[in-house]
Amino acid sequence: MIYLADTADIEALKKLYSFFPLEGVTTNPTILKQSGLKLSKAIAEVINIVGKGMIHVQVLSNRAEEMVAEAKKYKEYFDLGNNYYAKIPVSVEGYKAMQILKDAGINVTATAIFTQQQALVASRAGADFVAPYVSRLDNISSHGIEVVADIVTNTVEFDLPTRVLAASFKTVDQIHRVSMVGAHSATIGPDLLMQLVAHPMTDISITQFEVDGKDLYDI
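Going by full-length UniProt numbering, the first residue of the sequence shown is number 1, and it counts up by one from there.
Because the hints were derived from the structure by calculation, they are not lab data.
Even for Gly, the Cβ is constructed at its ideal location relative to N, Cα and C.
Honestly, I wouldn't trust all of these hints.
Listed next, the in silico BS3-like pairs over lysine-lysine satisfying Cα-Cα at most 25 Å (straight line) [stated by the list, open to error]:
#1 Lys14 <-> Lys52
#2 Lys15 <-> Lys52
#3 Lys73 <-> Lys96
#4 Lys72 <-> Lys102
#5 Lys14 <-> Lys41
#6 Lys102 <-> Lys52
#7 Lys73 <-> Lys102
#8 Lys15 <-> Lys170
#9 Lys72 <-> Lys38
Derived Cβ-Cβ restraints for the label pairs, each shown as a range [stated by the list, open to error]:
#10 Phe209 <-> Tyr77: 48 to 56 Å
#11 Pro161 <-> Asp79: 22 to 30 Å
#12 Glu146 <-> Gly51: 35 to 43 Å
#13 Asp203 <-> Pro21: 18 to 26 Å
#14 Lys38 <-> Thr153: 52 to 60 Å
#15 Glu146 <-> Glu76: 38 to 46 Å
#16 Asp173 <-> Lys73: 35 to 43 Å
#17 Leu192 <-> Val92: 27 to 35 Å
#18 Lys102 <-> Pro200: 41 to 49 Å
#19 Arg124 <-> Met194: 33 to 41 Å
Sequences and hints are given; from them, build the entire structure.
Okay, here's the thing in structure tokens:
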């Protein structure tokens with residue numbers, strides 16, 4: 001499973017990219033609002049950090065033609081190549097836009113997915129990634145991990161080129177479980193990414209190594 005950072009927090013991204021093997025960054029209007037940055041500034045800053053890593057930018061329009069125009073504009077404006085993915089919600093207009101964008105050679109990430117069928121339709125429409133929301137499903141007494149598992153099963157059984165990009169997490173356990181059901185990728189906020197690589201027993205072990213080796217390492 002590959003990791004992406006779900007954020008437009010530039011300082012957090014700089015810290016993460018100093019050590020975490022991230023494959024790219026995902027953004028959406030809510031994330032931009034939290035960062036306090038305009039799209040032009042946020043994506044420019046993200047590009048400086050991720051280089052040729054994947055950059056997923058969500059459109060704001062709700063009509064297919066406008067989604068397509070918007071997606072194309074961002075790719076051109078930021079001078080992005082094949083590392084650019086237009087994030088398109090799985091609405092009727094969104095499915096239309098996905099097919100047009102794929103025909104135009106633009107990568108697509110289908111987002112705001114809550115069911116296996118939404119993901120399967122997006123895959124058939126040409127989406128490169130499908131992004132099911134785990135915690136938001138759990139919040140409405142559904143089962144986010146099971147939905148991810150069903151989508152993964154479809155990609156295998158139907159031999160689809162689409163990859164599953166699990167999203168919307170609240171706990172490290174959710175991330176563990178989507179990795180165990182075969183999600184190809186996960187986009188995760190900075191706080192949870194930091195928690196993934198931390199454990200109190202690791203800290204204790206490192207401290208003990210330092211104490212035990214203090215007068216022994218003489219080279």
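Subject >> Violations among the numbered hints >> reply: 14
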